[in-house]
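Colleague: Here's the letter readout for the chains.
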Amino acid sequence: MRNKSVAKSDRELKRKETLRAIKRYKYLYIMLIPTIISIFVFRYMPIYGIQLAFKEFNPALGITKSPWIGLANFERLVSEPGFLNAFKNTIIISLMKVLGGFTPPIILAVLFNEIRSLRYKKIMQTIYTFPNFISWVVMAGIITNLFSGSGLVNQILTSIGLEKQNLLTEPSTFRMFILITAIWKGAGWGAIYYMAAIAGIDTSLYEAAEIDGANRWQKIWHVTLPGIREMIAIQFIMSFSGLMQAGFDQIFNLYNSSLFEVADIIDTYVYRISFQQTPSYGFSVAVGMFTGVINLVLLLVFNQLSKLGGGKGLFEGGVRKS
Amino acid sequence: MRKKKLKRFTFTDFCIYAIVAILGFTVFYPLYNSVLISIVPQYEAIKHPFMLYPPKLDFSAYKFAFESTSVASGVFVSGMKVILGGALSMVLTLLTSYALTRPLPGRRLIYAFLLIPTYFSGGIIPNYLLIDQLGLMNTIWALILPSSVSFGTVVIFMRYFNSLPEELEESARLDGANDILILFKILIPLMKPIIATYFLYGAVANWNSWFDGLLYIRTASKMPIQTVLRNIIQESTISTMESTSGEEIAVYTEGVKMACLVIGMAPIMAFYPFLQKYFVTGITAGAVKG
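First to last, the protein sequences are chains R and U. Under my numbering, the first residue of the first sequence is numbered 1, with each subsequent residue one higher. Under my numbering, the first residue of the second sequence is numbered 323, with each subsequent residue one higher.
Okay, chain R solo, but in the shape it has when bound (with noise of 0.2 Å):
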């Protein structure tokens, strides 16, 4: 009996305690609420549209009237070839970009590293990563305008004799178009990150190599790289967690229909499917859905994977552990 008033009281107390909390800091709960309501209406909110993947949209009745149909645009998922053929798609041109896009940066990083004139450098440095900073309208444009028939390539491969390459429209070079076009606008800011590694070395060791008598490459093979083990591991596992997106804003403004069998990915599909010919809304958010848990199954995977690499994990670090 005693016990439980003494339990009881304890309660009371912390209770008390929490409320007083809140009023004490009722200035920073205010400071909360515009994120909140930011929060729940722009990303809770079109959740609930999420429905619509086993619906049959209807704009005169609305999301919640909508009639159901039940898997139906699942079903028509495994079965559309203009589906298939985007997601075969997306695979093979994020692997390229994946595997293809993986050294350069680190190369580019390596050179860098063996510039002594900080000068230099930094000029080369502020060239190499800027195209990163133009959006890919602008980018597009400008190789537009670079491989046309009359554009710069093909007016200098004439000029030597060679004969006249339609880039833009080939099929079966295309996507390796996709791929040197993400590199050239990519590889030097993805330089900066193990350039960042590669100044946490610690100088010493390398004043060691030399007074063992190591060469330049002996220095880059045996200091440098392993000294960037770590952020390349977490780089190349953590690229793989956009595996589902092959880069929408590139392709989307570098493509036209002859290339929708080499180059139509997921998200200029789904695209196209919800704005142009007649829209199909559920299908479209069954195709999102589809993605979407895909994209989350490899974020889980590939984001604890690169923690097993001594990443720091997304989000880690924000909320104080007590």
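If you are wondering where the hints come from, they were derived from the structure by calculation, not from laboratory data. There could be a bad hint or two in this list.
Below, simulated DSS-like cross-link-like pairs (lysine-lysine); rule was C-alpha separation at most 27 Å, straight line [stated by the list, open to error]:
#1 U:LYS369 / U:LYS385
#2 R:LYS219 / R:LYS121
#3 R:LYS219 / R:LYS122
#4 U:LYS599 / R:LYS122
#5 R:LYS26 / U:LYS507
#6 R:LYS185 / U:LYS599
#7 R:LYS121 / U:LYS599
#8 U:LYS514 / R:LYS122
#9 R:LYS8 / R:LYS23
#10 R:LYS164 / R:LYS185
#11 U:LYS369 / R:LYS164
#12 R:LYS26 / R:LYS16
#13 U:LYS385 / U:LYS544
#14 R:LYS88 / R:LYS185
#15 R:LYS185 / R:LYS121
#16 R:LYS122 / R:LYS185
#17 R:LYS23 / U:LYS507
#18 U:LYS507 / U:LYS599
#19 R:LYS26 / R:LYS14
#20 U:LYS514 / U:LYS599
Among the chain U residues that face chain R by a calculated CB cut under 10 Å, a handful are [what the hints assert, rightly or not]:
#21 GLY346
#22 PHE347
#23 LEU353
#24 LEU416
#25 ALA421
#26 THR440
#27 TYR441
#28 ASN449
#29 ILE554
Chain U regions said to be covered by chain R (calculated; three or more residues, Cβ under 8 Å) [said to hold, decoys possible]:
#30 430-437
#31 490-502
#32 529-540
For glycine and all other residues, C-beta sits at the position ideal for the given N, C-alpha and C.
Based on these hints, arrange chain U on the given structure of chain R.
Modeller: Same frame as chain R, but now just chain U:
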């Protein structure tokens, strides 16, 4: 003690400098070339496809771009987006990350509430229907409000708040300062570099975004610059294909097209070389993945 030995500039050094320079040229020249095409008369651009400097200046392409296309209004809309959107998201990010690093009862719950939507999203159609239902369609708010808070940035700011020494706050509290005063008078001034960095990231993202404009804006004069550019590029490929003779071909010459593109990257071209260090700071401050 670090002794700097004077090293000889060897042949290997020369090769490294040369490789970096040649690759750098191939990265840089396409951008530079598009600037050149936009500032020379069209016949010069055709006569000299490989220009290193403008043989003759002619800014009529820019005049045309500003007078006869939606580029001017696009610059205005995107500028508004950069300023309004950037200010809004910086205020929300600071308030949220500050509050969540204080010992609030229930802060873990709020943190989880913000975290969960980073793993799920409604997707393009539910977002589209939501914007429609909220009555934001064809307004600038459709371009600003949905992206007002980024959870990733909030987490990075929380790490930063956590890394600041607590003594700073305690002494201020002894002097009678409250939470709000502490945030604005003591903590925010210490966070200038990270605020600058993330404001710049946001500004670049806001300036470069085009897809929201494509989805939510119908009136040409309300479109952000990148959406306007996209329409110009798409239209011009059609018009040059269709009209082999006649005046229509003069509507979107390569010069005008390039002038529009240069306008689309001008702010970044102008500021990036000087602000580069802030962009790089973000890498060391932030998570591993950019």
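Colleague: Hint by hint, say whether it matches the structure.
Modeller: Verification of the hints:
no.	hint	verdict
1	U:LYS369 / U:LYS385	holds, 23 Å
2	R:LYS219 / R:LYS121	holds, 20 Å
3	R:LYS219 / R:LYS122	holds, 23 Å
4	U:LYS599 / R:LYS122	holds, 10 Å
5	R:LYS26 / U:LYS507	holds, 19 Å
6	R:LYS185 / U:LYS599	holds, 19 Å
7	R:LYS121 / U:LYS599	holds, 13 Å
8	U:LYS514 / R:LYS122	holds, 23 Å
9	R:LYS8 / R:LYS23	holds, 22 Å
10	R:LYS164 / R:LYS185	holds, 24 Å
11	U:LYS369 / R:LYS164	holds, 18 Å
12	R:LYS26 / R:LYS16	holds, 15 Å
13	U:LYS385 / U:LYS544	holds, 20 Å
14	R:LYS88 / R:LYS185	holds, 24 Å
15	R:LYS185 / R:LYS121	holds, 19 Å
16	R:LYS122 / R:LYS185	holds, 18 Å
17	R:LYS23 / U:LYS507	holds, 23 Å
18	U:LYS507 / U:LYS599	holds, 25 Å
19	R:LYS26 / R:LYS14	holds, 18 Å
20	U:LYS514 / U:LYS599	holds, 13 Å
21	GLY346	holds, 5 Å
22	PHE347	holds, 9 Å
23	LEU353	holds, 7 Å
24	LEU416	holds, 9 Å
25	ALA421	holds, 4 Å
26	THR440	holds, 8 Å
27	TYR441	holds, 5 Å
28	ASN449	holds, 5 Å
29	ILE554	holds, 8 Å
30	430-437	holds (count 6)
31	490-502	holds (count 3)
32	529-540	holds (count 6)
Taken one by one, the earlier hints all hold for this structure without exception.
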